[in-house]
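Undergrad: Read off the chains here:
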Amino acid sequence: MKDIYFYNIYLYHKGFRDVKNNLFLSVYSLKYSFKVAIKYSLFGFKTGLILVDLHESRCLIKFRCKTDMKISRRDALKSLAALSGTLALTPFLPIGDFLIQSTTFNIQRQRIANIKDIPFNSRLIFTYPITGNTERDNDPFRKFVLIRLPNGQFKAYSTVCLHLWCLVDYKTERQQIECPCHGSIYDPNTGIAIRGPAALQPNKTLPEVKLEIDEKGDIYANGIIGVIGYGKEGSK
Amino acid sequence: MEKKGLSRRLLNRLADIYDWLLNRLERTILMGIRFVLPKKILSPHGFLGMLTFVTFIILGITGALLMFYYKPSLTSAYESVRLINEDIAFGMIIRNIHYHASNAMIFLAIYHMFYQFFAGRYKIRNEVIWITGVILGVLTIIEAYTGYDLIMNERAVLAINIGASLTSSIPVAGQFLASILIGSGFSDILIHYYAFHVFIIPLIMLLLITIHFPRNLILDMPMIAIISGAIIIVGGITPVSLGTKFDPNIPPGITVPEWYLTGLYAFIRTGIDKFIAGVLLPTLLVIIFLIIPFIDRGPKLSWAERPFATGLGIAGLGQIIITTVWGFYINPDPTLDLAERLMIDPFLFYGALAIITAAAFGFTYGYHIWVLPKRKNYSEKSKSNIKQWNLKIEGKRLLLSIIGLLGAQFIIDIMGLQMYMSGHADKAMIWIGASLIIFAIILHIMRSGIEDDKG
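Quick note, the sequences are listed as chains A and B, same order.
Using our numbering, you'd call the opening residue of the first sequence number 1 and step up by one each time.
Using our numbering, you'd call the opening residue of the second sequence number 1001 and step up by one each time.
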């Protein structure tokens, strides 16, 4: 009986049955019918005592139990079992690797279009880098907008807005890149946000695709400057 | 005579089986809950939680059926939803009920929370029930959000992007959490959201519901039938649409989120940092509701005698309404600059929120200080917190009215069937819902008749 904690509290006999029915509480010692101590245990470990006055049907006092400084045989066995349990779970630590499947953008030289196909002040949405897998190629994170500026120059940017990753588009009538969600506006010459919430962020420049134009007038994409989805560095 | 004997014996046998089953059920966890079947019409305020749970069950059933045809893939998700909506028999009705039940669940959950809040029910040892309830409410909204993202229309894609982006904006853990969501790209996000929507979040919700349930559950069958009927009727009046299919080669136009997220949308549009607007402010609101039982610890339950909590509640409710409505408003003038059209003036917006907050506290403290002392019999009045009405129908009329209603129900069913057969599944839902409402009325007449027999 040395492990039993005992405190004198008043417990009315009427409510005594309710204690036994309660799953969390177990009655440990009963001196005589009105006084009872209840051990409170959590996951099988002694964590404290709750003194219950069942007549009032509420807890009166709660305090930690005074444990014996000597480690009892029972405690030693329990801690060994706990150690074993920890060791059994340790091999599952790299479970985070299962949850994260990272992307690799294979930088490749890829033909997008020919100069002749794209009139002045217009745009073309293209996939880069193309993988051949339709699921992957339909990914908005792999979509870019090729813009032919009114001055004839070519520029290509990611369509993922720097603010909340909505999808931006080049609007020919206003000659600017606009985000339909929260109204971020980008300058098509530089890809820098000029108005709206994206302009207030530390990183204001849309990721840009490096373009190459050969003698036949074919436009090629070759590499990306910047990270698609600002703040997504972790999954690059 | 012999026939009567036989039927009596048969009835006795049935009663024996019923008793036997009831005795065995006493060994199960079911008997820990006491179901109360009210014998009169009760105000539904007392059991809004039960009604919310009923919509959860409706969502579970219709959702499981939708899983038969839905394909969580970037290329075929929209097509599969279109198939359910247009080609599969009864598919439109199932999806429509699923959608409107989700709206009803969010609305009922919020209504339930505010009613319990103003009634001070988070006291009297209900703290654990209250906290699990607030968490359940947040999970309900996340569940609905992951649900409407599965359709892969333009609104879904933008919502997915914003959700992933907001996750990544959380300091310290955000990058890690976002990369769990994103995986190797958008097609992974979709299937991850699907896993959350159909399994992970509902499972957590079910576990929390078992803790959230009080010992006594009011199972008001007529009201449950009315709620189900109302969901179906609303589905018939405003059938759920498919939305514009997302084409990766055409970036979407201006798109407003579902009504339970327009509040967040309004905060984001004021131009403040996305983490503050999209994560911190809503989290703060939730935290305030989580800790209110530990702030408002007095013994008083009535709203008038708890001016601080009531002020907080009215301010919260007012802010939710203002931000939700404001989120829907976009300047319709297309000649204006997009940034200007979408921007919400922060001074006007936060000013309105500050004014509603001040007004809420001013009103409740004013009432508490000046009006309440003059109402002497106040405490006597507020004693009975569940209102009861007795809608009595006398003996002969009782049977007649049931027969009349059954006739009406029969006709309504025929109308619904005819509507369904002629290819108007959405309009048929109005009749299907009406039939359920008549069922509710008959249930009520039945119980009042049984009460009369006892009396």
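Worth flagging that the hints you see were computed from the coordinates, not collected in a lab.
Owing to the predicted nature of the structure, the values given are computational and were not obtained by experimental measurement.
Here a beta-carbon is modelled for each residue, glycine too, at the ideal position from N, C-alpha and C.
Some hints here could point you the wrong way.
Claimed, not checked - Subject to a maximum C-alpha distance of 30 angstroms in a straight line, what follows is the list of computed DSSO-like cross-link-like pairs (lysine-lysine):
(1) B:LYS1245 / A:LYS155
(2) B:LYS1040 / B:LYS1245
(3) A:LYS78 / A:LYS116
(4) A:LYS171 / B:LYS1245
(5) A:LYS155 / A:LYS116
(6) B:LYS1427 / B:LYS1245
To be verified - Selected chain B positions facing chain A (in silico; Cβ < 7 angstroms):
(7) ASN1161
(8) LEU1342
(9) LEU1417
(10) TYR1420
(11) SER1448
Undergrad: All hints, please: hold or fail.
TA: Tested hints:
Between the alpha carbons of LYS1245 of chain B and LYS155 of chain A the distance comes to roughly 28 angstroms, so the proposed pair stays at or under 30 angstroms and holds. Using a Cα cut-off of 30 angstroms, the hinted pair LYS1040 of chain B and LYS1245 of chain B is violated, with the two alpha carbons roughly 49 angstroms apart. Our distance criterion of 30 angstroms between C-alpha atoms is broken by LYS78 of chain A and LYS116 of chain A, whose separation comes to about 78 angstroms. A threshold of 30 angstroms between alpha carbons decides the hint, and for LYS171 of chain A with LYS1245 of chain B the separation of about 20 angstroms falls inside it, so the pair holds.
A distance of roughly 15 angstroms separates the Cα atoms of LYS155 of chain A and LYS116 of chain A; the hinted pair therefore holds under the 30 angstroms criterion. This hinted pair checks out: LYS1427 of chain B and LYS1245 of chain B have alpha carbons roughly 24 angstroms apart, not beyond 30 angstroms. Among the interface hints, the one on ASN1161 of chain B holds; its C-beta lies about 4 angstroms from the nearest C-beta in chain A, closer than the 7 angstroms criterion. About 3 angstroms separates the beta-carbon of LEU1342 of chain B from the nearest beta-carbon of chain A, less than 7 angstroms, and the hint is met.
Given the 7 angstroms rule on beta carbons, the hint for LEU1417 of chain B is violated: about 41 angstroms separates it from the nearest Cβ of chain A. Given the 7 angstroms rule on beta carbons, the hint for TYR1420 of chain B is violated: about 36 angstroms separates it from the nearest Cβ of chain A. Because the beta carbon of SER1448 of chain B sits about 35 angstroms from the nearest beta carbon in chain A, more than 7 angstroms, this interface hint is broken.
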